[in-house]
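Starting from the given sequences, assemble the full structure and let the hints guide the process.
Order-wise, the sequence lines are chains A and B.
Quick note: the first sequence, position 247, residue 247 per this note's numbering, numbers continuous.
Quick note: the second sequence, position 140, residue 140 per this note's numbering, numbers continuous.
Take these hints with a grain of salt, some might be off.
Beyond 10 Å from chain B on every Cβ pair, some chain A residues (computed) [said to hold, decoys possible]:
1. 1
2. 13
3. 54
4. 151
5. 216
6. 271
7. 292
8. 300
9. 303
When the alpha-carbon atoms are kept at most 20 Å apart in a straight line, the in silico DMTMM-like pairs for lysine to aspartate or glutamate are as follows [as the list claims (entries may be wrong)]:
10. B:196 <-> B:186
11. B:272 <-> B:255
12. A:161 <-> B:116
13. A:161 <-> B:101
14. B:421 <-> B:396
15. B:421 <-> B:469
16. B:421 <-> B:446
17. B:272 <-> B:500
18. A:161 <-> B:386
19. B:443 <-> B:500
20. B:175 <-> B:34
21. A:182 <-> B:81
22. B:175 <-> B:198
23. B:175 <-> B:128
24. A:161 <-> B:198
25. B:196 <-> B:466
26. B:175 <-> B:130
27. B:421 <-> B:500
28. A:182 <-> B:113
29. B:51 <-> A:174
30. B:311 <-> B:264
Keep in mind that the hints were calculated from the coordinates and are not lab data.
Fair warning: this is a prediction, and the values are worked out from it, not measured in the lab.
Quick reminder that beta carbons are idealized off the backbone N, C-alpha and C, glycines included.
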Amino acid sequence: MDVLIFIVSGTLAAATALLFAAMGELVAEKSGMLNLGIEGMMATGAAMGFVALSVSGSHSVGFLAAAVLGAVLSLIYAMLTLVFRANQVASGLAIGILGLGLSSAIGKNYEGKTVTGLEELDLGPLSDIPLLGPMFFQQDVMVYLSIVLIFATWYLLNRTKLGLIIRAIGESPESAHALGLKVRLIRAGCVAFGGAMAGIGGAYMSTAYTPLWAEGMIAGRGWIVVALTVFGTWIVKRVAFGAYLFGSISLLELSIQAFGVNVPSQLMSAMPYIVTIVMLAVISRNPVFIRLNSPASLGATLKLN
Amino acid sequence: MAEPTPLLRLRGVTKAYPAVLANDAVDLDVMPGEIHAVLGENGAGKSTLMKIIYGSVRPDAGTVEWNGQPVDIQSPAMARELGIGMVFQHFSLFDTLTAAENISLAVPGTIAELSERIRAASAQFGLDVEPGARVQSMTVGERQRIEILRCILQEPRLIIMDEPTSVLPPQGILKLFETLRALASEGIGIVFISHKLDEIRALCDTATVMRGGRVVGVVDPRVEDAQSLTRMMIGREIAPPTHGAERGDRHTVLEVTGLNYTPEDPFATVLKDVHLSVRSGEILGIAGVSGNGQDALTRALAGEIVLRSDKGSSVMLEGTPIGALGPDGRRALGVNFIPEERLGRGAVPIHTLAENVGLTTHHGGLVKWGFLRLGQRRQLASDTIDTMDVRCGGPDATAQSLSGGNLQKFIVGRELALRPKVLIASQPTWGVDVGAAAAIRQKLIDLRDEGAAVLIVSEELEEIFEICDRIQVMFRGRLSEAVRVRTTDINHVGLAMAGDFDALHAAPVEKEAALG
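As structure tokens, then:
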């Protein structure tokens, strides 16, 4: 029982950082913007959130600072690609590298230090339910917010006018422009949202999941986020499923080590990445489905005058 | 008696681009409820004029009056606010969205409200559209109807239609005309851009004829005949193409049997059991609205799609199977292909004409010991330019610097220089001006008269009836049986283009003049 509680509750926490960043990236990619700088934005968010929390003592300030800096970084990417029409892939990679450098500069004097993590939200009697309580209802507020974000993202993209406009721009920015939609503005907004969410996801890593700062602590999660959106075929529930799958496998890894099973640790560390990508690739084979959901202009340089 | 105020009045509108005077002191009056044709060849300045009216291009000089008031239309958004709507030639629809969602991007209101309005307007103007259907599964005609509905629901006073019939089968054109007449009877002014004379004569109240950026006449098209309009539009007579007599020894050169092919793109048309044969000394025309499998068919014939024999699909050249060969192998055997996209597929845009000529003709002695023979290549390019009367800056001009018609003439000339046994041409005169189109058609007929087998894929029925000996119709990946051009007419082929292949055989026999 304890193992089950450990895995389920741990999965929810482990997936949270990915969910924030992935929902943000999903919205950005739906508008046609392939932001490959997520890894750097998460790292910057992690460093910024940690420092802001250390200085202010407030978790809210930490998350806010991380979100703002993530959004600022992503707006540089938006400016390069939307105003100067730079290649999306190259710009994204460059901003990602900039973000990694920025994170180590911001966190330089805090290397190895710790902070108090986020407290569990008091849900009263819910937390006391046997089995279910410790599995689902002894989590911090960001875990619940990340679940709210899944539904909010789905609702935004599929049930609102703004979502329709985002999808239309992602499919054909030229046609959208001809209809008088503000392509650059909407895309910049989507990218900024993605950057802010990546910042929050990064800050969750450094101030809640493992409340310490160490350079390189994002460890490729930004790339997993990019993979989640693509292999999740830009469908909210599949992306969320991928995030939880990733979280659960990384928990499984810890449990197996705890049981003393002798598997090379490198293989174990690679497992979440391998399993998540293989699973998503397998469930996403239907080409019609991919065509219907993929933003056709993703990654293409804007051709408006 | 005071003249009624025109809805739109242009006076002396002029727009110069660095190399060309696109509009030179153009005057245009459109009355409420009038269907007004703007007629002219490609490059006559029609598009620039429409862009000025729609606010996406600003004129250098001249005035625009809207309902008698001078206006300065600064953007498409402003044009829409005034009540000017535009239906584009290339649709600006989103494939993955539904009809109602597409319309809601331009028209305020919830999807439910809009669906209601769409149904009402559909009924009123004869525009069948299912609001909840996704665009990607729709025919070109349905897509156009959504475009028109989107325009109508913005309640415009003036609608600009940019070459709206170029994508429709004949029956669809008649239906569109009914819709346009219904709109005009509501007092909406319609500007109808076209270069098809018979359509303008059937539909429009007034025609403004443009040539070289100027207005060369404002006429009543119903009282003019096609010849006088043509003369006005291009400034000279165009001789109808001349056919040589049919030859006796017509043997089958290219034969396709049981061709099945499923493209990778899940929304592309699947070819189902296609049969065709082209004999020497004839032109076979494949009619049909584009998107019905023509792209896959031409690729399969040209070798861009290599067929595996195990599916029973066979392509034979004079009895030899060639289905397993790629484009280069087939060209070496005399099967040449002219694709519909000139820039990027028929020619490399940034390469010179001399370099482009070498793309397909290197088998013909342009390569020795692995080295290019640049002198010969240049000579071949010069010869092609001369024989085809290509207007360009010589063999060193880049392909992209030529107009569409001139580049197409060059590409046709390049393929003809190879003296093909089989020539496959996809939309050979698409987007080409009338003069160049006539020259290209004549060259294709000459090739046929020399005994080659020619296969033309075309959306323009006039073209097919003008130059082809036999017709097959393509619909949803299937190909009808072949009929002789002289035993059918445009209406029956039109029915077949909408899927009724039996109509081809119901056609009256021995009809000499298919075009009325």
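Results for each hint:
| no. | hint | in the structure |
| --- | --- | --- |
| 1 | 1 | holds, 46 Å |
| 2 | 13 | holds, 35 Å |
| 3 | 54 | holds, 46 Å |
| 4 | 151 | holds, 20 Å |
| 5 | 216 | holds, 39 Å |
| 6 | 271 | holds, 33 Å |
| 7 | 292 | violated, 5 Å |
| 8 | 300 | holds, 15 Å |
| 9 | 303 | holds, 14 Å |
| 10 | B:196 <-> B:186 | violated, 25 Å |
| 11 | B:272 <-> B:255 | holds, 16 Å |
| 12 | A:161 <-> B:116 | holds, 18 Å |
| 13 | A:161 <-> B:101 | holds, 9 Å |
| 14 | B:421 <-> B:396 | violated, 29 Å |
| 15 | B:421 <-> B:469 | holds, 17 Å |
| 16 | B:421 <-> B:446 | holds, 13 Å |
| 17 | B:272 <-> B:500 | holds, 16 Å |
| 18 | A:161 <-> B:386 | violated, 57 Å |
| 19 | B:443 <-> B:500 | violated, 33 Å |
| 20 | B:175 <-> B:34 | holds, 18 Å |
| 21 | A:182 <-> B:81 | holds, 17 Å |
| 22 | B:175 <-> B:198 | holds, 15 Å |
| 23 | B:175 <-> B:128 | holds, 10 Å |
| 24 | A:161 <-> B:198 | violated, 43 Å |
| 25 | B:196 <-> B:466 | holds, 15 Å |
| 26 | B:175 <-> B:130 | holds, 17 Å |
| 27 | B:421 <-> B:500 | violated, 33 Å |
| 28 | A:182 <-> B:113 | violated, 24 Å |
| 29 | B:51 <-> A:174 | holds, 16 Å |
| 30 | B:311 <-> B:264 | holds, 16 Å |
Violated hints for the displayed structure, listed by number in ascending order: 7, 10, 14, 18, 19, 24, 27, 28.
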